[in-house]
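**Student:** Spelled out from the first residue to the last, the chains are:
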Amino acid sequence: MLDTKTPLVEMNDISISFGGIRAVDRASIDLYPGEVVGLLGHNGAGKSTLIKILSGAYRRDAGSIRINGEDAAINNPRDAKGYGIETIYQQLAVADNVDAAANLFLGREITTSIGTLDDAAMESKAREVMGRLNPNFRRFKEPVKALSGGQRQSVAIARAILFNARILIMDEPTAALGPQETAQVGDLIKQLKSDGIGIFLISHDIHDVFDLADRVVVMKNGQVVGSARTEDVTKDEVLGMIILGKVPPGAKPGPGAIAG
Amino acid sequence: MAEQHAIPTNVHPSRFVQNPLQRFLMATELDTRLLGMIGALAIIWIGFNIFSGGLFLTPRNLWNLSVQTASVAVMVTGMVLIIVTRNIDLSVGSILGLVGMVMGVMQTDILPAQLGLGLGNPLIWVLSLAAGLVVGVGIGALQGAIIAYLRVPAFIVTLGGYLVWRGAAWWVTMGRTVAPMDPTFQLMGGGPAGSVGQFWSWVVAVIACAAILIGLYWGRRQRRRFNFPLRPVWAEAALGVIGCGLSIGAVWVANAYPWPRRIAENYAEANGIAVPEGGLFISHGIAVPVLIALGVGVVMTFIATRTRFGRYVFAMGGNPEAAELAGINTRWVTVKIFMLMGALCAIAAAISTARLNAATNALGTLDELYVIAAAVIGGTSLAGGVGTIAGALLGALVMQSLQSGMVLMGLDSPLQSIVVGAVLVFAVWLDTLYRRNKH
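The listed protein sequences derive, respectively, from chains A and W.
Mapping to this note's numbering: the first sequence position 228 is 289, numbers consecutive.
Mapping to this note's numbering: the second sequence position 262 is 675, numbers consecutive.
Mixed in with the good hints there might be a few duds.
Unchecked claim - Pair by pair, the computed Cβ-Cβ distance ranges are: (1) R169(A) - R637(W): 21 to 29 Å; (2) F715(W) - R120(A): 25 to 33 Å; (3) A669(W) - A207(A): 24 to 32 Å; (4) R564(W) - I82(A): 50 to 58 Å; (5) G529(W) - I171(A): 47 to 55 Å.
Don't read these hints as lab results, they were simulated from the structure.
The beta carbon of each residue, even a glycine, is placed where N, CA and C say it ideally should be.
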């Protein structure tokens with residue numbers, strides 16, 4: 062069903078080297094609207110590097126990126142934002158001491174006609190966006206420090222979608238959260254999916270992403286081992302792909318798959 | 414979750430609190446920490462009044478207190494922003510000294526003699542102040558650039574500045590004291606002439622009251638526009654009454670302090686006014702340096718809370734990385750903060766030199782410590798991200814109250830230092846407790 066649409070993101074044969082070491086080696090990955098793709102692999106497998114090429118933090122040596130079927134020139138984070146690609150960083154990139162609205166609009170504040178901050182307008186918009194993401198969120202007047210990890214994560218996500226993100230990159234989105242908050246973020250992700258936003262979830266821990274993802278892509282030593290729809294494989298089989306590079310029958314092998 | 418849904422979003426939370434004090438605080442949305450400071454100030458004032466035999470709470474002492482606070486109060490508003498961004502400025506006292514010397518030399522030598530404007534030219538005070546501002550902003554820009562772009566810690570840069578600018582202040586005249594100041598310039602220092610008098614003080618009170626009422630009305634309108642919870646009407650009224658009451662009370666006190674007898678008699682003689690039985694009563698009114706400090710406080714509060722620059726300052730203090738990722742040019746913001754601090758040092762230098770009617774190379778010695786102490790007592794967190802201009806101004810008033818109270822009680826100056834030091838540590842400890850309990 063999904064395959065009939067144009068992919069939101071296609072990264073083809075991407076390579077990048079750092080000082081002679083091939084961090085990413087001819088890796089290809091794609092993402093469809095409303096799809097959640099888990100990008101898995103050990104630390105150093107190249108998954109973060111690959112995704113940083115998409116978010117504009119690194120420049121690729123070779124390969125092409127297509128957004129909505131068209132070639133995209135992504136050379137810095139600003140270019141990526143121009144294509145609607147927003148990244149939510151591992152270390153919860155929010156300013157603790159100011160409130161949710163201030164965080165949502167940080168760097169892109171709404172101002173009045175005389176150039177002062179229009180806090181009321183920003184709070185109103187924040188209430189609207191947060192109401193959509195997390196209807197139980199009420200603490201608009203408090204500094205973000207007072208919020209739970211899940212609520213803070215929803216502020217970070219709201220910040221991304223407020224500016225019309227169509228492609229969301231989440232680096233270890235639940236690593237810092239407790240079980241209840243992880244569930245909250247899971248609900249959020251489902252919500253975003255239904256809005257047609259494509260999401261990359263990056264993690265080294267399969268448990269973080271397996272239940273949320275529609276598809277997983279496993280990387281090892283800079284190469285794609287293989288990809289599989291989560292309904293076609295078990296967690297143990299995916300674990301085998303991460304650790305050994307062994308591709309189970311339900312998965313599609315990539316260039317990094319070991320023979321046999 | 415279900416019961417949370419039952420609460421409509423536009424009902425003010427104070428509706429659900431029973432305890433009357435708590436309900437009052439929530440309904441008025443007053444900052445409890447600020448209220449605590451005002452309470453502490455009241456205790457200090459009443460305590461000193463009792464121990465000094467009623468000398469403290471007199472119009473004369475309170476008026477003097479306001480003038481003595483002005484210079485540190487001007488500087489502390491900038492120090493708040495510096496500390497909020499996790500920096501420090503140890504050089505403000507030395508900058509004040511150097512800028513004071515520059516302004517002194519400008520108005521006693523360079524402008525009247527070398528540029529031939531002549532003594533008493535009405536342009537002199539403006540040009541001197543402008544020269545001081547240029548030097549202050551320039552020093553701030555230099556220090557800020559070293560901190561932001563060369564990545565030298567602010568503590569070290571300003572520690573170096575502390576020595577450099579103090580030395581430079583000596584160099585301006587080779588240590589010679591510069592006096593007297595231009596007569597118009599002197600008005601910035603206060604005194605009978607440097608006060609605005611009864612009529613204009615009441616004008617200030619009326620403006621302040623009008624601003625408070627318009628602010629309350631405007632805030633309510635904004636909330637209604639976006640359908641936010643409104644404060645109860647009685648809470649708005651209480652805020653209006655308290656705010657206007659404080660303004661009117663302060664002006665009343667300033668007006669209750671008359672000119673000294675001799676000066677009033679001379680004035681009466683010069684203007685052909687008959688001196689009535691029991692002496693002529695001419696009010697000081699609000700002193701010019703106090704008006705300057707209040708103006709600076711209002712402008713700095715506006716900058717800190719209503720502009721992008723202020724928002725970035727606080728965001729950088731809370732999470733420098735997040736601010737950077739959000740696309741804020743954090744280095745340039747840092748330079749701007751230090752430039753602002755330099756400008757405020759220049760204004761404070763004008764107040765100090767005008768008050769002393771002389772520029773000496775020791776002017777402003779130890780001021781950096783009083784300014785930092787005032788900011789910290791006023792609730793600015795050295796960990797960054799937290800602080801208010803109003804709190805810091807109150808902190809400056811607390812520091813000055815302690816000092817002049819102890820002078821009134823006749824305490825030895827070494828003992829005064831000991832008390833101020835102990836109070837500083839005690840205040841910060843109380844603040845730590847307060848913050849811990851709040852969360």
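**Student:** Lying within 25 to 33 Å: is that true of the beta-carbon distance F715(W) to R120(A)?
**Tutor:** At 43 Å between Cβs, range violated.
**Student:** Regarding R564(W) and I82(A), is the given constraint of 50 to 58 Å on their beta-carbon distance met?
**Tutor:** For I82(A) against R564(W), whose Cβ atoms are near 29 Å apart, the range 50 to 58 Å is violated.
**Student:** Against the range 47 to 55 Å, how does the distance between the Cβ atoms of G529(W) and I171(A) compare: consistent or not?
**Tutor:** holds, 53 Å
**Student:** Would you say the C-beta atoms of A669(W) and A207(A) sit inside 24 to 32 Å of each other?
**Tutor:** violated, 45 Å
**Student:** Using the Cβ atoms, figure out if R169(A) sits within 21 to 29 Å of R637(W).
**Tutor:** holds, 26 Å
Of the numbered hints listed earlier, those contradicted by the structure are 2, 3, 4.
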